[in-house]
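Could you build all of it, start to finish, from the sequences and the hints given here?
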Amino acid sequence: MANPEHLEIIMQGVEAWNKWRFDNRFDVRQPDLSEFTLCKANLSGANLSDVLLSGSDLSGANLSGANLSHADLSNTSFWQANLSGASLSRANLSEARLFQANLNEADLSHARLMGADLGVANLIRANLREAKMSNVGYHSADTNLSQAKLDEANLYRARLEKVNLTKANLLAANLQEAQLWEANLSEARLVEADLTKANLSGANLWEADMSRANLSYTSLQRTIFNKTNLNGANFSQAKVGNTIFANVDLSQVKEIVTLNHKQPSVVDINTIYQSKDRIPKVFLEQAGVHPDIIRWQHSLHTLPTVFVCYSHKDETENEQLLTHLGVLRELSLIDIWDDTRILGGSEWKLEITNAIARASVAILLVSANFLTSQTIKELEITEMLKRRENDQKFVIYPIIAKPCAWNSFPWLSKLQVRPNGGEPIWVKGKDIDVDMELTKIANEVTDIIKSLWLNNR
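For the sequence shown, the working numbering assigns the number 1094 to the initial residue and increments by one for each residue that follows.
Incorrect hints may appear among the rest.
Straight line, CA to CA, 27 Å or less: simulated DSS-like cross-link-like pairs of lysine-lysine [unchecked claim]: (1) K1507 / K1495; (2) K1543 / K1533; (3) K1533 / K1507; (4) K1479 / K1495.
Hint data in this document are derived by calculation from the structure and do not stem from the laboratory.
This one's a predicted model, so the numbers in the text were calculated from it and none came from an experiment.
So, in structure tokens, the structure goes:
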């Protein structure tokens, strides 16, 4: 029961109360106002730190800016109370009734809120760092926890269904077995949060940061992952179905193959693209992704290979060509293969054969040195012509590098050469803009690659 003397002083108003607290700060460390009715009282700015208020009724009271740190507020009613900007740090709010309370920018760090009722409460920008909130109830979509600071908060089994947690900070929060179905967690920070066995069905996680979060055994049916950061998140044994994966990178998600697919899900094309061919095939199959798209994801991130065939006596000219083709490589349009890619100890003939087999375009740097090379004639040209015979999409692109009798070779004279007419690019004594010619070639190779890609779609 409340101390009558303490009640008499609080009824005199905040100014008298705060003066009495200061004057008796060493003698009365824990004033007793428990089990008393202070409905609609104006206690704005009151020093109520360490006060015993358990079982009291503060419904509709104005406690804005009040200091309630370390206070015992267990089983206290704060229905429609104004606690905006109040300090409730380390206060005991167990079983407190905060229904429709205004806790905007309140400091609830380290507070004990076990079993408290926060239905329709406004906790915008409230600080709940390391608060203990197991079995907390909210019960309403009108409860506003947007921008609330809940980092490291203990929310074990908290009832947060349909709650607005937009931009809330839940860094390393304990959300094990929490009810978060249909909660709005857009732009929330859930880095390293523990959501083991939580219910996130129907939750909105648009642009939320869930990197390294633990989602083991979590219910994710109808959950919306749109632009969500899932880098390092653990999906072990989580349940999905009608789940939306849009604009997310799934390449770094852990245990994605262990997901329990209750129904097909939506995996959009942006997700497949961003994941860079690192989504396990089994996940895509169980999610109901069309087989053609599953096959397509591999080709999407395999750059077309341009095979460059040249004589080592034409190294200088080859280097100039590679410089211009290198621009296309920097733009992630092509992969360039020449014999400098062959590693020491490799079977070089096999390496060349395999490179030709996977190439989309073969560029020939034709010169007298090229035409008289036994390796080029017996291995590379033979393999290219064989490949061309079996695959009409394979492009052989001859560049006349230096003056030579190229048109004396039947296989070569049948092909369209560059520059047009077969005029060599590198000719001593002639004023030829080599860079301009090689730029034209690089642009044409780009067009060829794009055409091949479109035809393969």
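These are the hints, each one checked on the structure:
1. K1507 / K1495: holds (19 Å)
2. K1543 / K1533: Given that 27 Å is the threshold and the Cα spacing comes to 15 Å, the pair holds.
3. K1533 / K1507: With Cα atoms ~21 Å apart, K1533 and K1507 stay inside 27 Å; holds.
4. K1479 / K1495: OK: K1479 and K1495 at ~26 Å, within 27 Å.
Violated hints: none; the structure is consistent with every hint.
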